[in-house]
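Peer 1: What follows is the residue order along each chain.
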Amino acid sequence: MYAIEAGILAAAAHLKRDVKKTHWDKADFALELATTHGLPDVSDLVRALNTGRKATAYGDEDMPEDELGDPEDLAAAIDEFIEAVAVLLAGKK
Amino acid sequence: MKSAQRSAVLDRWRSVQWPTRRAADWARRLDKDRNVLAVVAIGSAARGCARSSSDVDLIVVCKDAKVGRKAVVAPLEVDVRWVDAEKLDASAALGDDVIAWGIAFGAPLYDPEDIWADLVARWRGRLPLPSPEVCTQRAERARRYASDLLESGDDEAASEQVLTMLTHQARLVLCERGVFPASRPELVEQLEGVGAFDLAKLLAGALEGTIAPRDALRSAESLTRKNRPQ
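Protein sequences appear in the order of chains A and B. According to our numbering, the first sequence is numbered sequentially starting from 1. According to our numbering, the second sequence is numbered sequentially starting from 1.
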């Protein structure tokens, strides 16, 4: 989750956009990155990973295993997003 | 519902610190769902001491929690715990943190059949405290994550894990002294009340963002070593 959020904030800084530090503001901006800059939409993934973070930290929620899916697919989705942010930062998009 | 009751419920809705308008609008629509029997606000937002970055936590009591969880998607800033009405007493008896906290401090926002009010009447004053072993495990796990994140250079993420670690350490200290932990911002005052001033100061610094995560981690480790039985 923190890798994706760091990617979202890097894209925000590149686009000179001020995104608050809350998880939901980052998820909202991820959706905007998908709709206006063609990046993979990770907004739902941020939500699922944040639920997973809370499940691990506080144990008061169930781990959203269905939403997170297969760990290898999850890692690939994170990689794909980070790559797309790198392309955006390099000015190729 | 009598007008005095309606007015009390409206006051409670207003007293909750909703992080966004959409969060409040979303929660207000829950009473239209026939599966939903009660809605209770918990956490710092329900206690009027939330930070601007805090989400709002709700217990939603349902006829069938599985149906509620699948059918209704909450905004990210609303943290929902879906529970089956028929399992409430069993959860309280087992010391479920969220249910116990809700009974001790929660603000019922919708409870037309008095399901929550009756639960509170049955359990208030005899709730089990959170498990010290679980607090210790969670604090240790957050410490490891914070340490790894610091090593990777992500101080912002490390700060969140440091706060989680200190929260569990605070809960541990309070439970060991027979005090039921309130919401996170209130833990500082509770710690001071039991004489745990060093941890209170550290938690206050982490909450206010005035202490660097690396320094907080180092101080917390030193406190743990100092308090470990010889």
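Bear in mind the hints are in silico, worked out from the structure with no lab data behind them. Ideal Cβ positions, reconstructed from N, Cα and C, are used throughout, including at glycine. Incorrect hints may have been included.
Okay, derived cross-link-like pairs now, BS3-like style, lysine-lysine, Cα gap no bigger than 27 angstroms in a straight line [as the list claims (entries may be wrong)]: (1) K70/B with K87/B; (2) K32/B with K70/B; (3) K21/A with K87/B; (4) K54/A with K16/A; (5) K63/B with K32/B; (6) K63/B with K87/B; (7) K21/A with K66/B; (8) K32/B with K66/B; (9) K66/B with K87/B; (10) K21/A with K32/B; (11) K16/A with K87/B; (12) K66/B with K54/A; (13) K63/B with K21/A; (14) K87/B with K32/B.
Chain B regions said to be covered by chain A (calculated; three or more residues, Cβ under 8 angstroms) [to be verified]: (15) 33-41; (16) 118-126; (17) 210-218.
Peer 1: Now tell me, hint by hint, if it's right for this structure.
Peer 2: So, going through the hints one by one against the coordinates:
Of the supplied pair hints, the one linking K70/B and K87/B holds, its CA atoms being roughly 18 angstroms apart against a limit of 27 angstroms. For the hint linking K32/B to K70/B, the alpha-carbon distance of about 16 angstroms falls within 27 angstroms, and the restraint holds. Taking the CA atoms of K21/A and K87/B, the gap is near 36 angstroms; set against the 27 angstroms cutoff, the hint is violated. With a CA separation close to 30 angstroms, the supplied pair K54/A and K16/A exceeds the 27 angstroms bound.
The hinted pair formed by K63/B and K32/B meets the criterion: a straight-line CA distance of about 14 angstroms does not exceed 27 angstroms. Distance hint between K63/B and K87/B is fulfilled; the C-alpha atoms sit about 10 angstroms from each other, no more than 27 angstroms. The hinted pair formed by K21/A and K66/B fails the criterion: a straight-line CA distance of about 31 angstroms is larger than 27 angstroms. Between K32/B and K66/B, the direct Cα distance comes to roughly 18 angstroms. Compliance with the 27 angstroms bound is thereby established for this hinted pair.
Restraint check for K66/B and K87/B: satisfied, since their Cα atoms lie roughly 13 angstroms apart, inside the 27 angstroms limit. At roughly 33 angstroms between alpha-carbon atoms, K21/A and K32/B are farther apart than 27 angstroms, so this suggested pair is violated. A C-alpha spacing of about 49 angstroms is found between K16/A and K87/B, which places the hinted pair above 27 angstroms, so the restraint is violated. Our distance criterion of 27 angstroms between C-alpha atoms is met by K66/B and K54/A, whose separation comes to about 19 angstroms.
Between K63/B and K21/A the CA atoms are separated by roughly 36 angstroms; this puts the pair beyond 27 angstroms, and the hint is violated. For the proposed pair K87/B and K32/B, the alpha carbon gap of about 22 angstroms is at most 27 angstroms, so the pair holds. Coverage of the segment 33-41 of chain B by chain A is violated in this model, with 0 residues showing a Cβ closer than 8 angstroms to a Cβ of that chain against a need of three. Check on the segment 118-126 of chain B: 0 of its residues sit with their Cβ under 8 angstroms from a Cβ of chain A, so the three-residue criterion for coverage is violated.
Judged by the Cβ-Cβ criterion of 8 angstroms, the segment 210-218 of chain B is not covered by chain A as claimed, because only 0 of its residues qualify and three are needed.
Checked against the numbered hints listed earlier, the structure breaks hints 3, 4, 7, 10, 11, 13, 15, 16, 17; every other hint is satisfied.
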